[in-house]
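Listed here are the chains, written in short residue letters.
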Amino acid sequence: MSAMADRFARLGREVAAEQDRALSQDLSLGSVRAKVLARPQRAPARFRAGLAVAALVAAAAAVALFVAWRPHAPLAATLGDHPLAVGEWVSATEGDTPHIHFSDGSDVALSPGSRARLATLDGVGAHLVLESGTADVRVTPNHGARYRVSLGPFAVDVTGTRFDVGFRPADELFTLTLHEGKVVVSGCVLGEGRTLLAGESLSASCRAGHFEISALGSQAVPSAVTAPQASSIPPGEAPSEAAVEATEAEPTPERTLARETAPSASWQILSKQGRFADAYGLVEAEGFGAVLARASVVELALLGDTARFAGKPQDALTAYQTLRSRAAGTVAAKQAAFSIARVHFDQRAAYADAARWFRTYLAEQPGGPLAREAEGRLMESLSRAGDRAGARSVAEGYLAKYPHGPHERVARQLLARH
Amino acid sequence: MAKKDSQAIAELLPLRKSQAELPAPESDELLVLALRARHPDAGTQLFDRYAPHVRRVLVRVMGPDSEILDLVHDVFVTALESVNRLVDPRALRAWLTQIAVFTARARIRRRVRGRILRFLPFNDLPEPELPPADFEASQAMQAVYRVLGGLDTDQRIAFALRFIAGMELTEVAASCGVSLATIKRRLSRAQGIFGAAAAREPALAEWLSASALVAGTAAGEVP
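Listed in order, the protein sequences are those of chains A and B. Residue numbers 746 to 1163, in my numbering, belong to the letters of the first sequence in order. Residue numbers 23 to 245, in my numbering, belong to the letters of the second sequence in order.
Hints in this document: simulated from the structure, not taken from any laboratory. Here the structure is a predicted model, which means the values were calculated and not measured. Don't be surprised by glycine CBs; every beta carbon is placed ideally from N, CA and C. There could be a bad hint or two in this list.
The calculated label-pair distances, taken between Cβ atoms and stated as ranges, are [as the list claims (entries may be wrong)]:
1. A128(B) to H1149(A): 23 to 33 Å
2. T842(A) to P224(B): 55 to 65 Å
3. A128(B) to K780(A): 15 to 25 Å
Far from chain B, some chain A residues (derived; all Cβ distances over 12 Å) [to be verified]:
4. R752
5. F753
6. D765
7. L824
8. E839
9. H872
10. A915
11. D916
12. E1029
13. T1075
14. A1130
15. A1134
When you get a sec, could you build the whole thing from the sequences and use the hints?
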């Protein structure tokens, strides 16, 4: 590549990184999804004669698929007596255990203080994001039912079962107790998926880089596994005795990390792959201060995100603050205010600080892509910080601006309480 | 073709049966078969699997644009209606990329035509399409797309896919549906025009100076 092409490529990477950052916080694809899928499907445009035989084979396959993958009536979700829309937040206040009920009989009961969002809903299931807190999940066994519950970096895939699940963002602690059926849990230290059976309980921490499976009503079972770092055990496989021994024989996380990481892998690449614990391990090995000192603006944002998802809120705040001082006035700096607010809210439970930073973001980017989300979360922050008058005021403004926004219900609950 | 499909089905269906308790994730081949059979859940699978990729391609080509979501919609409607034209089901991702590129190109050309029509009598003018930015972009990004807006549509797309999307030359050629030689010619012209126009953009001057390249390398930029 010529020198000029190198410069174009470097500029292009910077532009792409900025675009990705904006896209990563944009949830608007859901509305397009609903439009595309609601559209009646027309017959395929053209069938060429030469493909007739293939079409017949495909038709035969269709019959087989149809049997294995039956069509389902669209599901509906309700919260109490009211319909719950995709993208809508549910925030359980103290003493409140709201139930999200699905038309196939499935039910999710949120514990007080929990926050959840219905991310998608289709003919065979739903995707629920549990931001924090715990939930009692009951999925009605249906052929082909597909539910997913996401909690931070973890995800639980369910076909029909009952379990209690929880997530504490402050220390990235994930817990699941399975009462009936079978689930597959994935993400972070669990890799692409580990199967959990009825009567088992799982706790995992992305931050600590370990997980443990135990039988209900007993101490940790002998085969309980502690993984020093992500994916040291092949995902989806029960660890063999040799694997457990090998894992236990590893004296330090650093050695495991060195073994698992390709020599050329950088923390930036690992972070972009979602391997935040590994990425942060490299940052720590090099020294957070050193990485911070020479990071570009784009890398500062990435460093903040890496620390945040690796459960290092203080380092995340340092990276975001550094970005704001080095690139004051830029879009990246303004968006860092939102990220700072999220760290205070999700990981430090410092709601007054969170409110202050959500306000900062709104002041700096009043029409920005995260304005609606920032205003909704500002309302929640104020409520949790005990500033009811402030929360109420924001709730009124929110409903005026976004009458059908994802925080609509939370806003109405706040206003109804006074 | 028939043999290929029958082999794929023979290989895939037993797999499907063994995974009946946990349907996702499926292979692209199986997804294409389900789409061709117009299975009601297949569209959902297709969208969930590829919408982020399609949107990213569109954003790379179009830049900050209020119509990105409309374009995502159009890409998937086109894909769902023409899935029978996909020859190799394993190339589903590349095929969707090509549809996204073609959809973006059609929209850019429509806008260019709209600008030309403004020379017509006022009463004959269509409603102007002036896309406001859907997110606040940095000055550099705005400048990049301002300069790209002055390029021929095909050159603009080639440049965006190569340098912003970071595609290999063969990938750019496949996405544009042209030969490698054609893409090289387009890129060569695009680089010359972009370089000259970018020199007049203060926000890009630093990026394109020789010292910026050296500084970027020394700072250990992401490869």
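Results of checking the hints against the structure:
About 32 Å separates the C-beta atoms of A128(B) and H1149(A), a value consistent with the hinted range of 23 to 33 Å. The hinted range of 55 to 65 Å is satisfied by T842(A) and P224(B), whose Cβ atoms lie roughly 58 Å apart. Range check, A128(B) to K780(A): about 19 Å between beta-carbon atoms, so the 15 to 25 Å window is met. Remark: the non-interface label on R752(A) conflicts with the geometry, its nearest Cβ contact in chain B lying 5 Å away (cut-off 12 Å).
The non-interface label for F753(A) is inconsistent with chain B: the shortest C-beta to C-beta separation is roughly 4 Å, within 12 Å. With a least beta-carbon separation of about 7 Å from chain B, D765(A) fails to lie farther than 12 Å from that chain, contradicting its non-interface assignment. With a cut of 12 Å on Cβ distances, L824(A) stays outside the contact zone with chain B, its closest approach being about 23 Å. Remark: the non-interface label on E839(A) is consistent with the geometry, its nearest Cβ contact in chain B lying 35 Å away (cut-off 12 Å).
Non-interface call for H872(A) relative to chain B: violated, since the shortest CB-CB distance, roughly 9 Å, does not exceed 12 Å. A cut-off of 12 Å between C-beta atoms confirms that A915(A) is not in contact with chain B; the least separation is 29 Å. No beta-carbon of chain B comes within 12 Å of the beta-carbon of D916(A); the shortest separation is about 29 Å. Non-interface status of E1029(A) relative to chain B is upheld: no Cβ of that chain comes within 12 Å, the nearest being about 17 Å off.
Residue-level check failed: T1075(A) sits 6 Å from the nearest beta carbon of chain B, not beyond 12 Å. Non-interface call for A1130(A) relative to chain B: holds, since the shortest CB-CB distance, roughly 28 Å, exceeds 12 Å. Every CB of chain B is more than 12 Å from the CB of A1134(A) (nearest about 31 Å), matching its label as outside the interface.
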